[in-house]
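A.B. asks: Here is what each chain is made of, one letter per residue.
There are 2 protein chains.
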Amino acid sequence: MSILAVGSVAFDNIATPAGRAENVLGGSATYFSLAASYFTEVRVVAVVGEDFTAEHESVLQKRKVDTRGIEHARGKTFRWGGQYLENLNEAKTDFTELNVFEKFQPRIPAEYKDSDFLFLGNIHPALQATVRHDLPNVQLTGGDTMNFWIQGASRELRETLRLVNILLINDGEAKMLAQESSLPRAALKVLAMGPQALVIKHGEYGATIFFREGAYGVGRHPFRAPALPIEEVKDPTGAGDSFAGGFMGYIASQEKLNREVIKRALFYGGVMGSFAVERFGTERLQSLTRDQIEERFEVFRELTHLE
Amino acid sequence: MSILAVGSVAFDNIATPAGRAENVLGGSATYFSLAASYFTEVRVVAVVGEDFTAEHESVLQKRKVDTRGIEHARGKTFRWGGQYLENLNEAKTDFTELNVFEKFQPRIPAEYKDSDFLFLGNIHPALQATVRHDLPNVQLTGGDTMNFWIQGASRELRETLRLVNILLINDGEAKMLAQESSLPRAALKVLAMGPQALVIKHGEYGATIFFREGAYGVGRHPFRAPALPIEEVKDPTGAGDSFAGGFMGYIASQEKLNREVIKRALFYGGVMGSFAVERFGTERLQSLTRDQIEERFEVFRELTHLE
Chain A
1 MSILAVGSVA FDNIATPAGR AENVLGGSAT YFSLAASYFT EVRVVAVVGE DFTAEHESVL
61 QKRKVDTRGI EHARGKTFRW GGQYLENLNE AKTDFTELNV FEKFQPRIPA EYKDSDFLFL
121 GNIHPALQAT VRHDLPNVQL TGGDTMNFWI QGASRELRET LRLVNILLIN DGEAKMLAQE
181 SSLPRAALKV LAMGPQALVI KHGEYGATIF FREGAYGVGR HPFRAPALPI EEVKDPTGAG
241 DSFAGGFMGY IASQEKLNRE VIKRALFYGG VMGSFAVERF GTERLQSLTR DQIEERFEVF
301 RELTHLE
Chain B
1001 MSILAVGSVA FDNIATPAGR AENVLGGSAT YFSLAASYFT EVRVVAVVGE DFTAEHESVL
1061 QKRKVDTRGI EHARGKTFRW GGQYLENLNE AKTDFTELNV FEKFQPRIPA EYKDSDFLFL
1121 GNIHPALQAT VRHDLPNVQL TGGDTMNFWI QGASRELRET LRLVNILLIN DGEAKMLAQE
1181 SSLPRAALKV LAMGPQALVI KHGEYGATIF FREGAYGVGR HPFRAPALPI EEVKDPTGAG
1241 DSFAGGFMGY IASQEKLNRE VIKRALFYGG VMGSFAVERF GTERLQSLTR DQIEERFEVF
1301 RELTHLE
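For the record, the sequence lines run as chains A and B. All residue numbers for the first sequence refer to this note's numbering, where the first residue is 1 and numbers rise by one. All residue numbers for the second sequence refer to this note's numbering, where the first residue is 1001 and numbers rise by one.
Keep in mind the hints are simulated off the structure, nothing from the lab. If a hint is listed, it holds; no wrong ones were tucked in.
Incomplete in silico selection of chain A near chain B, CB under 7 Å: (1) Glu86; (2) Ser181; (3) Leu183; (4) Pro184; (5) Arg185; (6) Tyr205; (7) Pro222; (8) Arg224; (9) Pro226; (10) Pro229; (11) Glu231; (12) Glu260; (13) Leu303; (14) Leu306; (15) Glu307.
When the alpha-carbon atoms are kept at most 30 Å apart in a straight line, the in silico DSS-like pairs for lysine-lysine are as follows: (16) B:Lys1062 / B:Lys1113; (17) B:Lys1189 / B:Lys1092; (18) A:Lys92 / B:Lys1092; (19) A:Lys76 / A:Lys103; (20) A:Lys113 / A:Lys62; (21) B:Lys1092 / A:Lys189; (22) B:Lys1256 / B:Lys1062; (23) A:Lys263 / B:Lys1263; (24) B:Lys1103 / B:Lys1113; (25) B:Lys1092 / B:Lys1103; (26) A:Lys263 / A:Lys113; (27) A:Lys92 / B:Lys1189.
As the structure is a computational prediction, the values presented were derived from the model and not from experiment. Cβ atoms here follow ideal geometry from the backbone N, Cα and C, with glycine treated the same way.
So that you can see chain A by itself, here it is in the shape it has in the complex (with noise of 0.2 Å):
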């Protein structure tokens, strides 16, 4: 089934202690829409400037993305610079600018509007929920959000939650969101907010999804996916991004939704967000096979597989 992704499309400077890149494409769109395209059909939504070339577009047409509703805008694409310093997990940003993304209105096109699953990217809350209510009929709709949204558009991110069947945010962001510490009694506290289930990503120790009672018949016991302690992280960018189009994709492309197929789906976003860090940008995402995918699902599985 086909999944619309709603969010950024930007060029980033990047230094991790492994090196450094220069106007890499990324985004949270991009990572989303390449990671999910391994596993269903992608329709992709965002805005970019004179600077996004036919090249920089076969990147996602390559992978059969969609890329009818990115908008091309006068003016420059969305930039961001930042540098992970010894503690990958957490990003010191150089600079933003928004650029053609300060105005962006998302727009669907027609085309879109049968689309059965959405997601929607770190965009102010606002945007969210009005993409949301442009496309009444989706099955699921998964949704990530971010600090700065949390403190700084906290009413709209309060309806947009309502809108939302699964919100993907990583531990920071659920303590915030909650103004709570412990993190069990974050995610009932955000449960609470109108997701059906909650997805915490925890970096490099993998992600632990919890359901309000009675979602999805599923139970309401968390369930835990490890990541795979990888060696070189090499640049940690739209890490976030790639487990939610692996965990989202996944999803789009079963039969069913049930306790299992949740289950797995937060297993593909761990191996999708482990491929992304391995190179600079989105690189590692847009040359992989189904079977290279499979082969860390199962080294995945083996991790904390007990007979």
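Got chain A sorted already, so can you dock chain B onto it with the hints?
C.D. replies: Positioned in the frame of chain A, the structure of chain B alone reads:
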């Protein structure tokens, strides 16, 4: 089979977001012994002062821990005071009074010489080495250490690491010991210092075991056990030692040491750590049943198990 544990016995003053407790029985040897006592025969070597009463000793004896190796010295027992703020993984020390622990010279009673397993709790690495040399016939030695010794007694610690089969430390200690920010690379470097296996404890995210090439014939792939997301962590003190007690205790209870046993041991470590933090001090570890332990083991197993 029997485990001899050497370490500290202490009285702790603890403040956490959930409350406070004063003069509670603690110390690495205490937590370890109580946790391991649910799996196998445990003997303890430690030092206490005149304030350590028969009632305190009975806490261990009720769990059938052999306390003949506890030396009663003149003066006061080791005391520690600390508080855990929002980040429950880290304690801020208010005071440390070494007292009788300052001149501790572990003496192994003759009745302990036939011990099958040895656990070197977190004491000066030179003392750890002495104990190990006094027990040349143990099948397997587990060991712990901390930042204080990594920085302040690195030469002695390097010696001790050659005498330890399985080292159990946390993320920060592993990175500091290896002077390496990537955890899997840090693991490789620590394994090159001596141990056949390295357990890195991730607090609420579980633990990972890394093996040296060829160690125990278990293959080189790491294994990871998740921890249970616990809603109310009352007191994190002793979680690591309780983990070690569950891990080593389960290994000592098994006929063979193979990959499956080590994997299960890692789960049992997490189980005992998760019980320890539910109450202040050792309260929860004093009154468990094997059924409760098995029940939680199943919850942990389900937490990551794919069909």
